[in-house]
Every structure is written in structure tokens, then in C-alpha cells.
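Peer 1: So you can see what is in the structure, the chains are spelled out below.
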Amino acid sequence: QVQLVESGGGMVQPGGSLRLSCAASGVTFSAHAMHWVRQDPGKGLEWVAFISSDGNNKKYADSVRGRITVSRDNSKNTLYLQMNSLRPEDTSVYYCARESLYSYGPIGYFDHWGQGALVTVSS
Amino acid sequence: QSVLTQPPSVSGAPGQRVAISCTGSSSNIGADYGVHWYQQLPGTAPKLLIFDNTNRPSGVPDRFSGSKSDTSASLAITGLQPEDEADYYCQSFDSSLSGAVFGAGTKVTVL
Chain P
790 QVQLVESGGG MVQPGGSLRL SCAASGVTFS AHAMHWVRQD PGKGLEWVAF ISSDGNNKKY
850 ADSVRGRITV SRDNSKNTLY LQMNSLRPED TSVYYCARES LYSYGPIGYF DHWGQGALVT
910 VSS
Chain F
51 QSVLTQPPSV SGAPGQRVAI SCTGSSSNIG ADYGVHWYQQ LPGTAPKLLI FDNTNRPSGV
111 PDRFSGSKSD TSASLAITGL QPEDEADYYC QSFDSSLSGA VFGAGTKVTV L
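As given, the protein sequences belong to chains P and F, one line each in that order.
For the first sequence, the residue numbers in this note's numbering are 790 to 912.
For the second sequence, the residue numbers in this note's numbering are 51 to 161.
I should point out that these hints are in silico values taken from the structure, not numbers from a laboratory.
Check before you lean on any hint, since a few could be wrong.
What the hints assert, rightly or not - Covered stretches of chain P (in silico footprint by chain F; criterion: 3 or more residues with CB under 8 angstroms from a CB of chain F, positions within the stretch not fixed):
id: 1; segment: 798–805
id: 2; segment: 830–838
id: 3; segment: 843–855
id: 4; segment: 889–899
Note that the coordinates shown come from a computational prediction; the quantities given were computed from them, not determined experimentally.
We treat Cβ as the ideally placed atom computed from N, Cα and C, and that holds for glycine.
Bound conformation, chain P alone:
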């Protein structure tokens, strides 16, 4: 049974930093590309970041590039999202999502999602 569990969410002041973690179990974590997707309360989904299975290739949405860094530790089966210079508009539920091994193209589809971690940026 694949399980993705996010942690590290909370409230932070504008300009502050936060690091989210996503612990994977029941899955060959190191074989899969991983993503972060966020969802503003009551709004739609927004893709945030991608990291390849070996961690050597990363992509970011324009809205977060330069402020957010995705990384992974395959020895710990854990994905990370380091968020700096946070803004009120970064307030969102952040999901980690696993990309299917059978995807084609530069970015395919997400076959498993975590339950989400709420990040609130407010003074």
C-alpha cells in the first residue's frame, strides 16, 4: 500500500521560511519522479515543483522559482520542499504527488497523492 505523508506545515510570517517533508512508504521511492502541487483554500490545483528520481533534474513553476527548492533523500524515502521569502499568496495546502513509472513525456501523471499540509503565511 503506497502511502505519502506530508509534515512541516504551519503558520509563518511574510518573508519567513518553512520546510515541508513528504515521507513515502510501501513504494520504491527512489524509482519515481516526485512533485509538489498546491491548492489555495477553496481554489484549484497548481503544480509547484518536480524532481527526477535521482534528484538531478528539477523544474519549478514561475510563481515560486527562486524562492522554493525541491530536494529528496532516497536513503530516507523522503521528499522535501524548502520555502523561503514566503508571501501571503503562498498560503495553500501543499500536496506531494508521485509520478507514475509508466508516464510518457517530460511530466506525466500523478498516481498517488499525500493528504496535504497546510501552509499559512500571515502576520
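Got chain P sorted already, so can you dock chain F onto it with the hints?
Peer 2: Using the frame of chain P, we list chain F on its own:
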């Protein structure tokens, strides 16, 4: 403004057929990147519903089906059930943005 355009809402009575459109452009759906659909029930994480335009993961009822043509895709639900009331999102890859893109989502209401 989302790169992929979906109607905000669709509705239908139990047993009816509803369809949700997802319109893109030559840099995403029209570039032959796969279109994928997710269902999000209230208060839960998204769940993969359709992948690579037309394929259903195991466990997804066959009343859900997907199609794609040129720069658009569509999700159809035939024999609408009360438990289908949820938000539905399409997703693809966009070569201009070099990233994944989602539609804004469509709320399906079962009357």
C-alpha cells in the same frame, strides 16, 4: 487564468450523462502530451481518474471515460451517481512553461 480551460460547473440527475471539457493549445494538449483527469471529493486529496487521455486505473468504474481531439479533451460520466459529486481537474504538460498544468476544475453536482 489557467492554461487549460474547464467549465466551472456541470450538473445532472442520477443516471444521466455529463461531460467536462478541457481546452488547451498547441503547447500542451495539441502537442500530443497526455491529458489526465483527477477527482477530488470534498476535504480529500485528488485521486487519479483517467491517465493518458483514455485509460482508467484499476478500481475506477467504467462509467468514467476520457477522450482527446486536437487541442481539447473531455471527461464523460455516464450513469451519474450521487457519489460522483466532486471537483474534477484535467492536467497535462506545457512545453512553453516547461511544467505541468492543470485546469481550474469543474464542480459536478448531482441533482
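Peer 1: If a hint holds in the structure, say so; if it does not, say that too.
Peer 2: A quick look at each hint next to the structure:
{"no.": "1", "hint": "798–805", "verdict": "violated (count 0)"}
{"no.": "2", "hint": "830–838", "verdict": "holds (count 4)"}
{"no.": "3", "hint": "843–855", "verdict": "holds (count 4)"}
{"no.": "4", "hint": "889–899", "verdict": "holds (count 9)"}
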